[in-house]
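Visitor: Line by line, the protein sequences are chains A and B.
Okay, so the first sequence: first residue is 1 according to this note's numbering, each after it adds one.
Okay, so the second sequence: first residue is 1 according to this note's numbering, each after it adds one.
Take the hints with a grain of salt, since some may be wrong.
With a straight-line Cα cutoff of 30 angstroms, these simulated DSSO-like cross-link-like pairs (lysine-lysine) come out [as the list claims (entries may be wrong)]:
hint, chain 1, residue 1, chain 2, residue 2
1, A, Lys190, A, Lys403
2, A, Lys276, A, Lys266
3, A, Lys425, B, Lys153
4, A, Lys218, B, Lys338
5, B, Lys153, A, Lys248
6, A, Lys276, A, Lys101
7, B, Lys98, A, Lys211
8, B, Lys208, B, Lys340
9, B, Lys338, A, Lys214
10, A, Lys62, B, Lys295
11, B, Lys338, A, Lys425
12, B, Lys153, A, Lys245
13, B, Lys153, A, Lys62
14, A, Lys326, A, Lys352
15, A, Lys194, B, Lys153
16, B, Lys338, B, Lys208
17, A, Lys425, A, Lys403
18, B, Lys153, A, Lys419
19, B, Lys153, A, Lys211
20, B, Lys153, A, Lys243
21, A, Lys413, A, Lys372
22, A, Lys266, A, Lys352
Here are some, though not all, of the chain A residues that point toward chain B, as calculated from beta-carbon distances under 7 angstroms [said to hold, decoys possible]:
hint, residue
23, Ser70
24, Lys101
25, Val105
26, Asp108
27, Pro114
28, Leu145
29, Gln150
30, Leu405
Since the hints were made in silico from the structure, they are not lab data.
Backbone N, C-alpha and C define an ideal beta-carbon position, used for all residues, glycine too.
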Amino acid sequence: MFQMNRGKGVRMKPAFMWKLWLLLCVSVFALGGCAASSAVDQAKNENQNDSSSAGKEGDVVKVGILHSLSGTMAISEVSLRDAELMAIEEINASGGLLGKKIEPVVEDGASDWPTFAEKAKKLLQKDQVAAIFGGWTSASRKAMLPVVEQNNGLLWYPVQYEGMESSPNIFYTGATTNQQIVPAVSWLLKNRGKTFFLLGSDYVFPRTANKIIKAQLKAEGGQVVGEEYTPLGHTDYSTIISKIKQVKPAVVFNTLNGDSNVAFFKQLKDAGITPKDVTVMSVSIAEEEIRGIGPDVLAGHLAVWNYFQTTDTPENKAFVQKYKEKYGQDRVTDDPIEAAYTAVHLWAEAVKKAGSFDVDQVKKAAAGLEYKAPEGTVKIDGETQHLWKTVRIGEIQADGQFKELWNSGQPVKPDPYLKSYPWGKGLSE
Amino acid sequence: MVNKRWGYWLFFAALFLAPFYLTEFRLSLLGKFLCFAIVAVGISLIWGYTGILSLGHGVYFGLGAYCMAMYLKLEASRGHLPDFMEWSGVRELPWFWKPFAHPMVAIAAAIALPTLLAALLSYLTFKNRIQGVYFSLLSQAVVVVFVTLFIGKQEWTGGTNGLTNFSTVFGFSLSSPLTQIVLYWLTAAVLALIFVMTRRLTTGQLGKVLIAIRDAENRVRFLGFNPTVYKVFVYSLSAAFAGVAGALFVLQVGLISPEMMGIIPSIEMVLWAAVGGRHSLMGAIIGAIVMNTAKSFLSENYPDLWLLLLGALFVVVVLFVPKGLAGIYESLAAVRIKEKRGHEREARVDVS
Chain A
1 MFQMNRGKGV
11 RMKPAFMWKL
21 WLLLCVSVFA
31 LGGCAASSAV
41 DQAKNENQND
51 SSSAGKEGDV
61 VKVGILHSLS
71 GTMAISEVSL
81 RDAELMAIEE
91 INASGGLLGK
101 KIEPVVEDGA
111 SDWPTFAEKA
121 KKLLQKDQVA
131 AIFGGWTSAS
141 RKAMLPVVEQ
151 NNGLLWYPVQ
161 YEGMESSPNI
171 FYTGATTNQQ
181 IVPAVSWLLK
191 NRGKTFFLLG
201 SDYVFPRTAN
211 KIIKAQLKAE
221 GGQVVGEEYT
231 PLGHTDYSTI
241 ISKIKQVKPA
251 VVFNTLNGDS
261 NVAFFKQLKD
271 AGITPKDVTV
281 MSVSIAEEEI
291 RGIGPDVLAG
301 HLAVWNYFQT
311 TDTPENKAFV
321 QKYKEKYGQD
331 RVTDDPIEAA
341 YTAVHLWAEA
351 VKKAGSFDVD
361 QVKKAAAGLE
371 YKAPEGTVKI
381 DGETQHLWKT
391 VRIGEIQADG
401 QFKELWNSGQ
411 PVKPDPYLKS
421 YPWGKGLSE
Chain B
1 MVNKRWGYWL
11 FFAALFLAPF
21 YLTEFRLSLL
31 GKFLCFAIVA
41 VGISLIWGYT
51 GILSLGHGVY
61 FGLGAYCMAM
71 YLKLEASRGH
81 LPDFMEWSGV
91 RELPWFWKPF
101 AHPMVAIAAA
111 IALPTLLAAL
121 LSYLTFKNRI
131 QGVYFSLLSQ
141 AVVVVFVTLF
151 IGKQEWTGGT
161 NGLTNFSTVF
171 GFSLSSPLTQ
181 IVLYWLTAAV
191 LALIFVMTRR
201 LTTGQLGKVL
211 IAIRDAENRV
221 RFLGFNPTVY
231 KVFVYSLSAA
241 FAGVAGALFV
251 LQVGLISPEM
261 MGIIPSIEMV
271 LWAAVGGRHS
281 LMGAIIGAIV
291 MNTAKSFLSE
301 NYPDLWLLLL
311 GALFVVVVLF
321 VPKGLAGIYE
331 SLAAVRIKEK
341 RGHEREARVD
351 VS
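Using the sequences provided together with the hints, build the complete structure.
Guide: So this is what it looks like as structure tokens:
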């Protein structure tokens with residue numbers, strides 16, 4: 001604690017010399033580290049330029065995979081990385097793309113939004129990837145958006161989200177609100193009742209989703225009898241459950257995220273509320289989450305997605321089998337995993353159609369592209385760069401799988417700004 | 001003294017010349033790290049010198065960043081409402097957003113708001129002689145309050161997504177390499193200025209009072225000083241540094257969200273100073289640069305393992321060099337002195 005005072009006195013001069021040298025050494029180490037990696041970057045870039053100038057038949061094309069492999073989101077995002085790597089492997093096994101093998105560059109977004117921006121920049125500028133597959137939370141997508149727009153990159157975002165966005169450099173392969181929330185509300189009004197209790201974690205998706213639900217209920221004759229938000233990671237739901245008991249809604253519309261679901265459903269069951277008393281419709285609980293929460297607590301409740309592991313298509317049978325063989329029989333597939341897998345294949349199809357890896361040409365070729373995905377046929381909407389997707393409502397079974405109760409019959413056109421709904425006008429100008 | 005000064009000159013010269021030997025991507029990273037270094041100087045000032053451990057500097061950093069981001073968002077929206085307000089149901093720009101259309105107001109607020117908040121908070125706590133771990137806990141509580149507020153008021157702050165997607169600053173495109181280099185130089189210059197200023201403060205009489213407060217606050221009080229005044233002053237000063245750093249961070253990174261002012265980043269800020277050596281201003285700067293370089297380097301090369309490696313690095317530093325990187329030099333310097341004294345003694349023995 002007394003080092004500060006030591007500096008005085010002539011005797012200490014050699015000490016300062018040493019300090020100076022060590023300071024220099026460390027600063028040289030720090031800056032040198034930067035410079036060295038910079039030099040390596042440059043060398044790598046030059047090599048790449050060489051290989052690309054040596055002809056388009058250079059043997060690899062890089063793509064970026066940018067998910068959270070650490071931090072709170074890792075539990076969800078690691079499976080997406082796995083699905084994307086599997087799709088890349090499939091394409092490579094069938095001869096690659098335009099004569100090139102796809103080389104994935106995996107980066108960790110670390111559940112930290114500036115890191116997503118940093119790594120996206122690195123992938124586009126340093127690795128010069130042809131496309132990035134990545135993101136889960138809206139915040140991570142919002143962080144990557146300016147980076148891909150400024151560098152004219154291509155981002156494939158595989159998770160359902162709150163809509164109100166359409167970037168020229170992003171393809172959205174998950175559902176927007178009119179392919180998940182809006183049809184679910186209509187179905188609930190018709191089949192389960194008019195009184196809704198809105199419960200969500202406190203972040204952008206639930207707040208925006210509930211804004212949309214309230215506008216829709218007002219227009220279609222429903223009623224909101226409660227609206228509650230809890231911080232992410234919140235685990236005490238006794239107050240909220242007693243409110244639910246008091247107002248007796250027909251439906252609890254649940255936009256809780258992560259661990260909160262475990263607490264909420266367990267406490268709901270302990271309070272003696274069964275799916276017969278009140279329908280809980282969730283939009284963030286898929287097979288992977290059921291595995292974490294436990295199917296016994298969830299059985300009988302509903303969820304709305306575009307894909308279930310039980311969806312009956314030949315493509316899905318092959319997909320589920322391959323995924324389990326590769327990553328273990330205990331693993332499950334779900335909607336975001338399927339959307340991530342489909343994203344890679346859609347990009348590959350667009351590249352084949354364009355005959356080029358160039359972003360603008362791939363985008364042009366992608367418009368109107370159809371693909372037989374595990375969830376059924378999907379089509380890229382050229383205008384919004386979202387997918388036409390089939391909506392499915394399922395009931396959770398005791399084995400942790402879904403039994404489909406209803407589907408939209410055909411793919412629904414994406415409408416991220418809800419312009420086709422008269423009540424949607426007030427939400428976005 | 002002369003030699004040490006030369007070391008500083010060399011260090012800052014190397015920083016200023018970085019655009020000539022780093023690629024654009026690495027330069028943008030270093031620019032970000034220098035913002036963190038500015039925060040670390042402030043932490044070193046209050047923790048290393050004055051003994052105030054603040055685990056809430058993310059708030060001051062965040063406030064500075066949000067002030068700057070509000071201006072950037074308004075400039076990017078070109079007279080319209082910011083996009084997140086439109087779909088959150090806000091029809092008119094809230095009154096407190098309006099002044100931020102002027103960049104000078106935004107810059108002034110980025111410094112003034114954190115300073116005022118810190119002054120208010122520290123005056124109330126230090127006046128009532130709340131110290132040590134109680135103050136640290138209180139500073140964490142402030143973080144929780146602000147993060148909850150910023151997430152909850154989505155229609156005013158952008159919620160968890162924060163503010164992002166900026167286009168220009170003073171009419172210059174933020175994505176152009178030249179703007180980024182100018183911003184880098186600005187950051188390096190601010191860091192140099194803050195370093196020189198803080199060094200002057202700490203080597204002067206004020207520095208002695210601060211160290212005295214750290215080591216024996218009651219004695220300082222008995223000597224007729226009022227420690228509250230000094231503590232409020234340095235605490236507010238370090239909050240101002242964090243605010244400036246936040247504003248520079250937003251300009252270079254292009255986004256700010258409540259996550260970045262949360263508890264984890266706040267603790268990370270303290271770690272930079274701890275690794276570099278909290279009792280040394282230059283140590284704190286180097287700590288911030290080294291820790292973040294290591295984070296980027298490790299996560300690029302070992303995406304599955306990097307957290308473990310970074311944790312190991314931190315454990316090693318805490319176990320073997322508790323005084324941080326700056327402590328290494330000091331202990332080496334001490335060895336030299338011992339040797340020299342030994343030689344002197346031998347020489348004396350010979351003479352007798």
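Visitor: Work down the list of hints and note, for each, if the structure agrees.
Guide: Against the structure, the hints come out as follows:
no. : hint                : in the structure
1   : A:Lys190 / A:Lys403 : holds (19 angstroms)
2   : A:Lys276 / A:Lys266 : holds (16 angstroms)
3   : A:Lys425 / B:Lys153 : holds (23 angstroms)
4   : A:Lys218 / B:Lys338 : violated (82 angstroms)
5   : B:Lys153 / A:Lys248 : holds (29 angstroms)
6   : A:Lys276 / A:Lys101 : violated (53 angstroms)
7   : B:Lys98 / A:Lys211  : holds (25 angstroms)
8   : B:Lys208 / B:Lys340 : holds (29 angstroms)
9   : B:Lys338 / A:Lys214 : violated (76 angstroms)
10  : A:Lys62 / B:Lys295  : holds (23 angstroms)
11  : B:Lys338 / A:Lys425 : violated (79 angstroms)
12  : B:Lys153 / A:Lys245 : holds (28 angstroms)
13  : B:Lys153 / A:Lys62  : violated (41 angstroms)
14  : A:Lys326 / A:Lys352 : holds (26 angstroms)
15  : A:Lys194 / B:Lys153 : holds (29 angstroms)
16  : B:Lys338 / B:Lys208 : holds (26 angstroms)
17  : A:Lys425 / A:Lys403 : violated (35 angstroms)
18  : B:Lys153 / A:Lys419 : holds (26 angstroms)
19  : B:Lys153 / A:Lys211 : holds (14 angstroms)
20  : B:Lys153 / A:Lys243 : holds (24 angstroms)
21  : A:Lys413 / A:Lys372 : holds (16 angstroms)
22  : A:Lys266 / A:Lys352 : violated (49 angstroms)
23  : Ser70               : holds (5 angstroms)
24  : Lys101              : violated (20 angstroms)
25  : Val105              : violated (9 angstroms)
26  : Asp108              : holds (4 angstroms)
27  : Pro114              : holds (5 angstroms)
28  : Leu145              : holds (6 angstroms)
29  : Gln150              : holds (4 angstroms)
30  : Leu405              : violated (30 angstroms)
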